[in-house]
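Undergrad: Chain residues, written in single-letter form:
2 protein chains.
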Amino acid sequence: MKFKASVNVMLKPSVLDPQGATLERALKSMGHRNVSSIRVGKLIELTMDCENQEAAAKLADDWADKLLANPNMENYSLTLEKLP
Amino acid sequence: MKFKASVNVMLKPSVLDPQGATLERALKSMGHRNVSSIRVGKLIELTMDCENQEAAAKLADDWADKLLANPNMENYSLTLEKLP
Chain A
1 MKFKASVNVM LKPSVLDPQG ATLERALKSM GHRNVSSIRV GKLIELTMDC
51 ENQEAAAKLA DDWADKLLAN PNMENYSLTL EKLP
Chain B
1 MKFKASVNVM LKPSVLDPQG ATLERALKSM GHRNVSSIRV GKLIELTMDC
51 ENQEAAAKLA DDWADKLLAN PNMENYSLTL EKLP
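So the sequence lines, in the order shown, correspond to chains A and B. Per this note's numbering, the first sequence runs over residues 1 to 84. Per this note's numbering, the second sequence runs over residues 1 to 84.
These aren't lab readings, by the way, just hints derived from the structure by calculation. Watch out, some of these pointers could steer you wrong.
The calculated lysine-lysine pairs, modelled on BS3-like cross-linking and capped at a C-alpha distance of 25 Å, are [what the hints assert, rightly or not]: (1) B:K4 / A:K2; (2) A:K42 / A:K4; (3) A:K4 / B:K42; (4) A:K28 / B:K28; (5) B:K42 / A:K12; (6) A:K12 / A:K2; (7) B:K82 / B:K12; (8) A:K58 / B:K42; (9) B:K42 / B:K12; (10) A:K58 / A:K12; (11) B:K4 / A:K42; (12) B:K66 / A:K82; (13) A:K42 / B:K66; (14) A:K2 / B:K12; (15) B:K28 / A:K82; (16) B:K82 / A:K28.
This one's a predicted model, so the numbers in the text were calculated from it and none came from an experiment.
So here's chain A without its partners, still in its complex pose (with noise of 0.2 Å):
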């Protein structure tokens, strides 16, 4: 069975975020004051063949905590849809 899984790899909320900052900065400068709390993340989307459900979650999570993200600075969740 395939399966699709989507990893959102986020920093954690005390990791500082350079990138969202200058997002910020630049929303802010466009006149769009309404604006806060700006993170940039990663999504990972990937194609894996495995035989159920339960077993294409376990294998996306190990990569994900091994190779995707880095448990140090980030946090990651994982969604998993099964294709056709």
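Based on these hints, arrange chain B on the given structure of chain A.
TA: Chain B alone, transformed into the frame defined by chain A:
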């Protein structure tokens, strides 16, 4: 009213994604032959203060189109969530 907007920015399918290709090679070299089509995008989260949901959606779409994504190379999708 406060809203949290999440903007997913992905490279268009026709645009090469070296970061995704590198991750795919890394996973394959770790023995995972069941992975394919890795793409790496950006996830931008922000808080905005708007009169109503419609105005917030319009404004966030405008920001995504003009500043957060590059419409020549990237597609984006937007989700909006009302904050308590």
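Undergrad: Determine for every hint whether it applies to the structure shown.
TA: Structure-based check of all given hints:
no. : hint          : verdict
1   : B:K4 / A:K2   : 32 Å, violated
2   : A:K42 / A:K4  : 16 Å, holds
3   : A:K4 / B:K42  : 17 Å, holds
4   : A:K28 / B:K28 : 44 Å, violated
5   : B:K42 / A:K12 : 16 Å, holds
6   : A:K12 / A:K2  : 31 Å, violated
7   : B:K82 / B:K12 : 29 Å, violated
8   : A:K58 / B:K42 : 24 Å, holds
9   : B:K42 / B:K12 : 12 Å, holds
10  : A:K58 / A:K12 : 23 Å, holds
11  : B:K4 / A:K42  : 17 Å, holds
12  : B:K66 / A:K82 : 33 Å, violated
13  : A:K42 / B:K66 : 20 Å, holds
14  : A:K2 / B:K12  : 22 Å, holds
15  : B:K28 / A:K82 : 21 Å, holds
16  : B:K82 / A:K28 : 21 Å, holds
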